[in-house]
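*Asks:* When you get a sec, could you build the whole thing from the sequences and use the hints?
In order, the protein sequences belong to chains A and B. Per this note's numbering, the first sequence starts with residue 1349, numbered consecutively. Per this note's numbering, the second sequence starts with residue 11, numbered consecutively.
Treat the hints as calculated values from the structure; they're not laboratory data. Note that the structure is a prediction, hence the values are computed from the model and not measured. Cβ atoms here follow ideal geometry from the backbone N, Cα and C, with glycine treated the same way. All clues stand as given, with none of them false.
So the derived label-pair ranges between C-beta atoms look like this:
{"id": "1", "chain 1": "B", "residue 1": "R131", "chain 2": "A", "residue 2": "S1426", "range": "27 to 33 Å"}
{"id": "2", "chain 1": "B", "residue 1": "P156", "chain 2": "A", "residue 2": "Q1440", "range": "49 to 55 Å"}
{"id": "3", "chain 1": "A", "residue 1": "A1477", "chain 2": "B", "residue 2": "I54", "range": "34 to 40 Å"}
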Amino acid sequence: MLRHSFYAAFTSVVLVVSSFAASASDLASPTGDVILTVSGDISVTNHDDLAVFDLAMLQAMDPEQISTTTIWTDGTQSFTGVSLVGLMDTLQVSDGILKATAINDYSVEMPLSDAAVKNAIVAYLNNGAPMSVRDKGPLWIIFPFDSAASFQTELVYSRSIWQLDRLHVLR
Amino acid sequence: MSKNSRPSFQMPQNKLGGWVLALLLLAVFAVGAFLYAANVRSEIDELATANSDSTQWSLAQTEVELLSFENAMMVAIADPTKNLADVRRQFDIFYSRVNTIQKSRQFSELRQMPDAASNVRTVQLFLDSAVPTIDADDATLRAALPDLLDQTRVLDASVRDLSLRGVETFAKQSDALRTRVARTLRQATSTTMGLIVVLLCLVFVLLRMVRASRARAVAQALSNSRLNAVVTTSLDAILVVDRHGKILVFNDAAEQVFGYSRSEVLGQPMVDMIIPESSKKAHTAGMKRYLETGEKRVIGKGRIALEAIRKDGTVFPVEASISSAQSQDGEVFVSYLRDVSARVEAQKELIETRDKAVAGEKAKADLLAVMSHEMRTPLNGLLGTLELIQDTDLTPKQRDYTAIMAKSGQLLLHHVNDVLDISRLDARKMEIADDSFDANAVIQDVLESQRPVAETHGNKLVRGPVDKTLSHVKGDPTRLRQVLLNLLGNAIKFTNNGVISIEAERLPNNDRVEFRVIDNGIGIGETDLARIFDDFVTLDTSYIRSAGGTGLGLGIVRRMTHAMGGKLGVESELGEGSLFWVRIPLAVLDTPLEHPTETEQSHDTVEMQKSMKILLVEDNQINRIVASEMLAKGGHRVTQAHDGREGVALAQKTRFDLILMDISMPEMDGVSATQIIRSGAGACRDVPIIALTAHALPDDIKRFSDAGMNDALIKPISKRKLTKILSQVHDTQSTPSAKGRFEPPKYELIVDQDALGTFRANLGAEKSMALISDFLTDTRTHMPRLMVDMHSDFDPDSLQQDVHRVAGSAGIFGAVRLRALLIDFESDLKSSEYGNIPRHQKELAAVWKETDIILSQEIGRE
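*Replies:* This is the structure we're talking about:
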């Protein structure tokens, strides 16, 4: 067990170092349709002063899965995506406020230091399938609503933005 | 402290219930508050969760997004070159929105409204029908756009209506929720208030308890310090020991008393420190007994006297008071010990002093009594001898001289008797008799006896009226006589040529009789009246000297009167005379007394008495000579014995008519001698025995009587007394029915029925009758031989044998008179007094005749 955790820690350090090394050099460029554009106070970019992502780039990153119900869907849903914090790490953003905006121009702000926000993922699969715009896709910020009452607040619900396509970082 | 002590002692019962109740309330309110808090939280959460702002925004957004879709279509229709991506995106957004309204539970309530549901259904139908067109290629879509736009515009009203319905629903929802939250908040508030109240109450109670306990602590501290002060300053040693006997407290006084310092004894076993070796076992056993059985012998029993030991080993007396008490460490014993050495010492000294004083007093009294007694014996001799001398031929001068000597001797004797009386009275040796007697006779007697003396003073004696109730009373005649004699003698002494009277009357409704002796003599001065009943009081010394007197006479009267339960007093005036009164309880007797037919005086006058054979047992030579001379002059035959032993020996052998027995004699006293004479089968076992004694105390009289003596003659012996007692004996003998002071002599009976009864009971009726019959036959045949003529055919030895044989048989059958006669007869034969034989034979014949008749009847009766 001890050895296992040690190994896990070692691995994560190596990963952090390697990803840091990768981002320090440059961010890969999208080959498919851009589904997410990150702007604002970021130092890692791949398109002018923006960081743009296609689905493959997001899928290349460590996936995270959350099983939960939502107030907008029927029954327990399985969401797969990338950790919001992890995504920001990739862009060497560890602090600040994110302004998320949807295709329908819905917009909301969330501080990265917020406890709930640290548990959020940018989901790209719902029940193992990519999400169309009609199904609130292609990206949806999902919180583990069922895991704690603290995720079942209006603020968290308001931050659970669907049809996400833009993020703006404010420091 | 005392004020608080009551409630605090009750606390365990009452407060426990209070506490349980309070805790229960607290728990109820706490749980309530917690539940309401959770409730409030969930309500507020719900309020937050179901916040209608975003929901309503979402709903409103539906309309916006529908319009955006329409707008995108219009743009595409207007510009055929325009990319259709925007149309498709706006469609998707709208689609997604409607989808959300369809699925999200935020809109479940809205969906249940029939109008809203139909609107949603309408929109959904449109969307479903539009999807193939939207997803078709650009040309198809572009061609369908105008139609699609028209359809979309139709939807506007439905979406608007849905939106409005939503606003209405959510407003209602929020309102209901707010009301619920408000109610829950109110309930939570009241529960919380309740909790606060309970908590406040608890705080209040706790505060009070804290204050009370602080007050108690202060009171306890005060009480402790007071107690400490008491213990420390106590003059008595105070020890506290636990159940194991270990010393817990040892105060300053204890240090001083026992000589130990506190540090030496604390924690040590008490038994090793202060209990002397001799008491250790008892102490340990006592402690053990108490611990095992709880039986308290010394604890809580007040003051007890014990012994303790000091450090230096001296054992000393202590007065202890031990109690048990409860302390924190269990039962303890508190002992107060007082060193009473000094007191005990003082008491001992006091007792010694008192004992010495008492012994001194007693020695004095004894000396007085012994001296008086010892003086009487030689006086007795002098007076007796003087009487003998007076009976010889004397010249007139000699007669005068002897008369003076006799008078002086009598006076001296009187004084000695006075002193003796006083010492007896003071020693309470004089018992008061409770006899039946005639008080009138006593008065007469006293008057008569003093008449000659009174006449020498030229006084006339007068008697007052006779009170008949005094003729038979209960009391002590001897003491009354003495009291009256002394008073009368006194009156005679202080009156010359006057009249002296004695009066007696019963006080009304009373047992008391007042006797008054009244004279018209010189009287007594007022100042002297108070002290005349004191001892050795002589008022006019010169006169008393001439009159003679010790000053004890009235002292004796006072003592005797008091001894009889009476009172006395005097009224007097100088030169006029005196009245002495005495009130004595003399109860009236119901049955009249049997009066002796003869007065005492008549005895004195009997000159001629039957000659008697008398045995005089007396060790004192003078007394013996005097008495035997007096008796001889009276014509009696006297046999002298020098002591008890000789007296007994003579009495066994010879029958006498009377025995005069001195009491105090060496070797064998008169009482023992009498007992032997009475118990044996000797010749004198039935003969009257008169004690000669100087002590005539009631105890003595009883002792003499128990021994079998018939009367007592108080020394000194005078011719008068002797004559009197002899005549009494004579009377008793000659007239058997007369009852004098003697016990009826046994030989008065012919046949003792008691003895006969015993005989019959022992042998049975048949056998006893046969034996009696045999005895009668046998005696009848022997009787002629006993009646033998002593002048002709006379053999003393065979006669004596016959007499003895009949005497032995007679005793068995209760023929006591016969037996007594035969024993008498036998003793005369033994001592060769043959001259008496005819007399014996004559009596024998008479007695036998009677005996024969009685016993024959006895047989016949069966």
